[in-house]
Structures are given as C-alpha cells and as structure tokens.
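Peer 1: Could you build all of it, start to finish, from the sequences and the hints given here?
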Amino acid sequence: MIPEVGHFALILALCVALVQGILPIYGAAAGSPVLMSMAKPAARAQFLLVLIAFCCLGYAFAQKDFSVLYVAANANSKLPLHYRLAAIWGAHEGSLLLWTFILTLWMFAVTLFSTHLPEAMRARILGVMGLVSLGFLLFMLTVSNPFERLIPAAPDGRDLNPLLQDPGMVMHPPMLYMGYVGFSVAFAFAIAALLGGNLDAAWARWSRPWTTVAWCFLTVGIALGSGWAYYELGWGGWWFWDPVENASFMPWLAGTALMHSLAVTDKRGGFKVWTVLLAIMAFSLSLLGTFLVRSGVLTSVHAFATDPKRGLFILAFLAIVIGGSLLLYAWRAPRVGLGGGFDLVSRESMLLANNVLLVVAMASVLLGTLYPLFLDALGLGKISVGPPYFDTVFVPLMTPAIFLMGIGPLAQWKKASLPALAMQLRWAFGVSVGTALLLPFVLGKWTPLLSLGLLLSLWIVTTTVAHIRERVSHLVGNSLLSCLAALPRAYWGMVLAHCGIAVFIVGVTMVKGFEVEQDLRMNVGETATIGGYTFRFDGAQEVKGPNYIAARGIFNVTKEGREVTMMYPEKRLYAVQNQAMTEAAIDSGLLRDLYVSLGEPLEDGAWSVRLYHKPFIDWIWGGCLIMALGGLLAVSDRRYRLAWRRERAEAPEALQPLEKGAA
Amino acid sequence: MTPRQKRFSMIGLGLVALGIASALVLNAFNSNLVFFFTPTQIENGEAPKGRSFRIGGLVEAGTLKREGDGLTVHFVVTDTVKRIPVTYKGILPDLFKEGKGAVAQGQLGTDGTFVASEVLAKHDENYMPPEVAEAIAKAKKSGAQSSNTLTMSPERIKP
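So the sequence lines, in the order shown, correspond to chains A and B.
Terminal number for the first sequence in my numbering: 663, no gaps in between.
Terminal number for the second sequence in my numbering: 159, no gaps in between.
Just so you know, the hints here were simulated from the structure itself, not pulled from any lab data.
This structure is a prediction, so every number in the text was calculated from the model and none was measured.
Across the chosen pairs, the derived CB separations fall in these ranges: (1) 97(B) - 588(A): 29 to 37 Å; (2) 11(A) - 10(B): 51 to 59 Å; (3) 417(A) - 16(B): 22 to 30 Å; (4) 344(A) - 50(B): 43 to 51 Å.
Some chain A residues close to chain B (C-beta under 7 Å, calculated; not the full set): (5) 360; (6) 389; (7) 393; (8) 521; (9) 581; (10) 582; (11) 599; (12) 608.
PhoX-like, lysine-lysine: derived pairs with alpha carbons at most 20 Å apart: (13) 415(A) - 6(B); (14) 382(A) - 49(B); (15) 100(B) - 138(B); (16) 64(A) - 78(A); (17) 382(A) - 138(B); (18) 544(A) - 78(A); (19) 65(B) - 100(B); (20) 414(A) - 6(B); (21) 97(B) - 65(B); (22) 267(A) - 415(A); (23) 414(A) - 267(A); (24) 89(B) - 65(B).
For glycine and all other residues, C-beta sits at the position ideal for the given N, C-alpha and C.
Peer 2: Written as structure tokens, this is what we have:
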C-alpha cells in the first residue's frame, strides 16, 4: 500500500511540475500576475509530493518490503537499518528519486529566499526548474520506477553491494547531488535571464550565493567520495581518474569558473555572455555526470542495448536540455551585451585567463572520459585513457592558473600596472621560490614536481599575506586586529578558499613525493619497517559481522621502540553476494597516515599484506573542506544578508504564503 | 594601443594559449591511450611490443600458482580459444578468482608471458568486464574451439 502512495505522489508531482513548467513562464511572457504567482505554491506542492514519495521508499526499505523490486534488489533482511536507508540511493532508480527530491528541495529554498526578486524573474526561475523536474519525473515514471512491485515477493533481498556498505555511502551521494542539482539554480537563473533579456549586475548578485553554496556541496561531496575510495577500495589511492570520478570533477571545474566569472559580472558588469554560458555548461555537465554514473553506460556501452528505452530517454533528455538551452543562448545572448571593457593587465583579464584554463582542463577531462565511450559505441575498438594522461595535462594547465590566483586579488579592476604588481609581490615571489628550492633538501629528496608543488602552495600563501597587507594599509583603524575585522566576510571567504587550495596542493605533493608502499608476505610474529614505523603481525582471527564473516589481522605498530597503535584490518566475506571485501585499517594523523590492508591468506597463518606510509594525505581532504568553508563564509557576507533583510522589510505581504506553506 | 588593437592582441593571445593547450592535451592523450587486446589477437601478433596494453579474458581454472614470496602469482588468461600466461607481483584484487573474468595491464615479455603491472577485477561477483565478454564472444565467432578451454556461453556471462 505504502509504495503505491509513493508512486501516486510521483504522478501528482508530475502533474504539478507540468503546471509549474508552463504557466509561470507563459505568464511572465504575457505579463499575467495570476499565472506568475502560481510558480511558488506549485514548487512547494511539488517538494511536498516528492518528499512523500521519498519517505515511502525509505519506509519500504526500513520495513524490508521485498515485494518492491528495487528494495529486493538492493537490501537484505540482515542489512543494518542505516545501510538499508542509504540503499535508497544505492542504484539507478533510487538515485533518480534522490536527484529529483534534492531538485525540489532547492526549488523550495528558492521560494523561501527569493522574495526580493522581481515577480517575473522568480516565475521564470521556478518554471525552468519545474521543467527540469518534469523531465526527471517522467523518466522515473516511464522507465525506471523505484516503486515497481515484485510479485510474488522475494523471500529475501539480494543485498546492497558490499562496496556500498559504508558510512561513505550514507553521506557521499546526497552531498554530491546537492552540488550537482544546486547548479540547476544557477542554470535556471541564466535561462530566466535569457528569456527575460535583462542580465544586469543585480542578476549576478542574486545567483552568486546559490552558485557558491552548490559549489561548496560539490566540493565536500567529491572530497567524501575520494576519502571513501581511499579507505574502502583497499589500495590506498585517493583519486584514480576513473570516469565516475571525472563525472563529478567536470561540473566542479565548470562551477569554479562560473563562480569567478559571476564575480566579474557582479562587480563590473562584464563577462555576461560568458557567465551565462558557464552556468549552462555547469548544469549540463552535472546532468551528464548523473547519467554517466547511473545509466550503466560506463560499465558497458551495451548496457544501453539491454534497455534501449532508458538509453533513448536519457539521450533525448540531454539533447533537449543542453541543445535547447544552447539554442536559446545563441538566439538571445547577443541582446545581453558584453559589459564594460578592460585592459590587457587587469583583474578581469586574469580572471578570464583563469576561466579559460579551467574550461580547457574541463574539456581535457571530458575528452579522456567520453572518447573511449564513443570509440566503443561506434565499434572501433576498446581503449582506455590512463591516469598519466590526466596527470600530464593537469600540471601544466593548473600551474599558470595558480600563478594567476596569487596575482589576481591584488590587481586592480579595469587596468592594473604590471610594475606595481611586481613591486608588491617581489618578496612573496622570492620567499616562495627560495623555500620551494631549499625545503625538499631538508626533507631529504628533490624532484622537480616536489619543488613545483611546494612553490605553488607557498605562492598562494605568500601572495595572500601580501594582499591582506595591501588591503589593511588602505584602512584607517586603531589596531591591526580591528582592521582585519573590518574586511568583509566575502573577502575572507575567498582568502580561506584559496588557502584551501594551498593545503590541498601540499597534501598532493607530499603524498606523491614521499609515500612508501610495500606489498609483502608476513608470517605470524614477523615485523616490517616502513617510513620509520615498525609493524608486527600478530596473526589473524575470525570475527562475525551482521551480514558477513571476516578475518581480522592484528598489527602492533611501534616507532623507535615506543608503542604507537594497534591496527585491525579485515578481510570480509559478505554472505549474500558471496563477495570478499578488504577493510583497511588506517591510523590517521596530521602529518601522516598509516595504512594496513590484508591481501590473501597463505599457508601457516601467514598473509600477504599491504603496508603504506602516507605523509600529509589528510591535507588533501582538509584542503577541500577549507575550500568549502571559505565558500560558506563568503555566502554569509553582510551584503547578501542586508539585501535579504531589506527586501523582506519592503515586502512583508510576500511572507504570508511562506508561513502557510511551512505549516 | 587603440581599443581595436587591444581587442585584437587579446584575441590573439587567447588563441595562442588555446593552441598550446590543445597541442599539449592531444599529445598527452595520444601517448597515454591504452589499447585492449584479446588472447587471440596477442597470439596473432597484433599486440604491440614494448608498449603497455590491456589483456582481458577468463582466469583459467587450476592455473593460479603462487611463488614462495607469497606475492608473485602466475595464471593463464584465456578467451576460450587461445591462452596467454600472465605474471603479476602484488596483491590481487578481492574479486580476482579462477574461472572469472579479469583484465590486466602490462607488457608482453620476450618469452610470450604477459607481465602485468596492474590487475583489475572490480564490481560484483556476477559482473563480467565488457572487454572480457567481448573477447570471448569474438573468439567464439571465429569458431576455432580448442580442447583445453572452458565451455561457457557468452550470453550467460554478459552483464
């Protein structure tokens, strides 16, 4: 009964989405306030309906209702409750429901925080989001319905893929989708602006915080995924340039470019056409990413052939959304205007260069991800593009981008003076080059990449200090502290996010330069030393989990005779799917991770064992979190809050439906 | 500079940068493509010497041997027609099993043994890497069924 309620809620949501996608946009064009005012209640109703559907699926999982096909395929009676709930987004159908749910959540947020927007603008934004949601609901209801029944019901479920039975599964997909779908708001703003033909600085100011928040979620989502791969896949890598990862990285690159280009549109009215294009690009890549990962096309292009309806729908949907918005762009963008001019040396030109570099980087990832698919689909043979490709492309592309990142914030808008910049930055340059050259010798090893990585992160930090000093010197205050406090939060957000990149680069550089990996056979009682740490293998014992049995290795770790920690890596065998899983044991620290995973049992209780010493690896994810925190800090800036409070005061009557909707 | 010259120099610089970037990208792309070959293709001498490539097929049952160090393994990869011996030093992935599909990346040694630097066997128990399924299907199509191979229909093992 409950699954039918969910199914019915989705059908109702589809009807509401139809209304929301058509009437308000038509109303905005025809100037009908009645039609335009329908956007808000429709968006809220849709949110409520999809929420009901989502809860129904959750309920089916919680109740182990194996008469629902999707539940039977992705859960098992022995699967713990939190993983049963996470299994909602464990496969194709449920992820689509999560996607749609998050889309309506963002819609709901737009209805809450858009009271200061002109009525027509809001109607168009919600209308566009309604159309996107219409596509997803239609897809779910026609070819991938999560509520489809299995009659007769299965006695027990097939269980969730053991790889996914992990806390990472609970957090990573929702975060990632919050980011993906968040770009739909920026996209809807861009399409609304194209439809309305008014694209001014105010437009950029409105869409900026939305883009930044989505970007923060995406950053955290990608970092969580990377951390998950690190400890769950059991070979200690943190990024594999796997198509699944690339799918989330491409929208991130486009989104990063979009944030910076929005800054120019907001402050200087420039880059308008480009900003709109980036907004379309970021969301299109999010869609592409969702479908790449969730349609099964990556595991096999021919998976499409087993269910051609799904594949066809996806291709048609992508073509309509991407093609349609690009057509609209080609038609309307010339009216938008170019915005103010600027000099060859100016903050605008540097941001433009940064944008171009990010987009080229994105395009190179796109090439490496899609080209093998195309070849395969056309029957021209099977190839894969190895990680070395991405490494060779990224270092030379990101080096100038990061160099510019140091100069950009110091350069003046419109026209900057190169000699003055050189004067301001000469000590920053000297300090970072000197340290980058000398530090590797202190650390005991020199390679060009090591020096380059250190140089880039030092450059970010030193130039940041230089421009904070520069900004403070313009302020008249009593103390340095009050001067620093007087700088706006948006500025501090940028500083923090840029420093996050520096932390990230330190992590990557140190891991690449100094990690020690060793695969070896260990007998009981045998010791091995890597990175100054001595690991003693004390044998393995059998332990039982809720839905698996495991061999648990016992490792005693010492450093120079002092006890450091005990580590317990596991080799699990999940009963239902008869699948082995390696659970690595990791001892994390600020300066290093110790990583132990079990290979296979050999004779006499010996095991093949993998021992890693990974210096600074947590800085990689730490850097991402700092970037996201920087983004949030920037969004909390006074200028957004002030604008929001002022317009709330001006439009108190707009609040009444809000309270009604909330109740 | 007049605004016109300014604009031209800007566009020129942009084009040069874009040109350099694409040259760089395409060059790196070209030298890092990893091709895939089936055991039959390798036997026929189609695989490159001295360049890394991927081989895929079934790990023939009963061929997995482990050396005394516990790490170096030998096994045979087959597409049900031709067999290629593979050597790998390291820990095999969780899903590596005899009789199941696997993909390995590495180079062909002079003695005809494939020296793998990486063995891939991801995903779940019933998953067959598409390369493997195709290798077997291809070998089947050529019709030359040899005696020392597994009998397994590609339909059954396709994902």
